[in-house]
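Engineer: Sequence:
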Amino acid sequence: MMDTYQPLEMGNDYQQMRREHDRISLIEARARAALLGGLPPRGTAPLTLSFAESVRLAVADVTLGLQELLVEVWLRNLPPWAEGGDETALGCVASTTIFATAEIAAARIVPDDILLATVTAGRPLRFDDAMDHPLVRAWAANGGIDPDMVVAFMSIPLFRGGQSLGVLAVALPQVPTPEHATFLDALGHFIATGAEVARLGHQLHAQRALAQTVLREAPLAAAVLRAADNVIIFTNPRFDDLLGIGPDVWGQELDVVLPDHAGQLRTTFKLDEVRQSGATQLLIDLP
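Quick note on numbering: our numbering labels position 277 of the sequence shown as 277, and the sequence is numbered without any gaps.
Keep in mind that the hints were calculated from the coordinates and are not lab data. Each hint should be verified, as a subset may be incorrect.
[Stated by the list, open to error] What follows is a list of derived Cβ distance ranges for each label pair:
1. Arg23 / Asp240: 19 to 27 Å
2. Thr267 / Leu36: 33 to 41 Å
3. Thr213 / Ala141: 48 to 56 Å
4. Ala141 / Asn77: 21 to 29 Å
5. Pro178 / Arg216: 16 to 24 Å
This structure is a prediction, so every number in the text was calculated from the model and none was measured. We put the CB at the ideal spot given by N, CA and C, even for glycine.
Sequences and hints are given; from them, build the entire structure.
Structural biologist: Printed below as a string of structure tokens:
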């Protein structure tokens with residue numbers, strides 16, 4: 001008689017791994033949406049949050065969803081999440097513990113030595129015996145956590161385009177699985193990318209506002225381009241009339257908007273040289 005097929009029973013370890021995978025995947029999707037856009041964070045309307053608010057939402061979600069003891073994000077004092085002060089200094093953008101879901105970043109004024117060590121080293125730090133490390137213990141205590149509860153610690157420097165933007169630090173109640181650690185690395189990438197996008201967007205807005213003030217009523221055709229990629233920041237009405245475009249092209253690359261004229265413009269105004277120098281280029285008196 002043929003034996004009846006019996007499906008294999010999945011062990012508790014497999015089920016636990018599967019649950020962790022599903023939980024991390026869900027939280028990663030929400031963090032990506034909050035920090036990089038595409039979908040609004042839970043409980044919010046699209047396009048209503050500042051970058052700092054998005055970071056705080058994502059950090060709170062990660063802290064509660066993965067039962068982290070303490071998660072902090074410190075960023076350099078750069079617009080738009082910080083105004084004024086020393087741009088090389090770090091400011092706390094988000095600080096959340098598993099015991100206090102309310103935002104407590106305002107109370108964190110001075111970055112701890114372990115955070116500064118991460119930024120200085122320029123590479124992630126990880127301790128799976130965090131209770132034995134005095135710098136980790138001091139950071140945990142300052143963040144409102146009993147240092148004796150912290151089994152593992154991870155800190156990830158945040159870089160974008162070779163520039164140091166800050167640090168992500170996490171206290172864990174147990175040694176993270178490889179998937180958990182990989183997710184925290186990805187979270188650092190999301191934060192750094194989102195910060196750079198927010199910073200460039202702020203610069204673009206400031207440059208556009210200045211250009212509008214100076215050039216809108218100027219008796220000449222003028223456009224302002226971003227040096228790095230020839231993205232159109234602003235065009236005045238005379239420029240629009242001359243080339244048959246309008247404000248709807250702001251934020252797009254010159255080659256895309258004016259494919260028939262872009263080559264001539266790059267040559268006439270030496271845009272490739274400007275790109276190498278990093279200066280913003282003003283196009284005036286176009287033929």
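Engineer: Which of the numbered hints are not met once you compare them with the structure shown?
Structural biologist: When the structure is compared with the hints, numbers 1 and 5 turn out to be violated.
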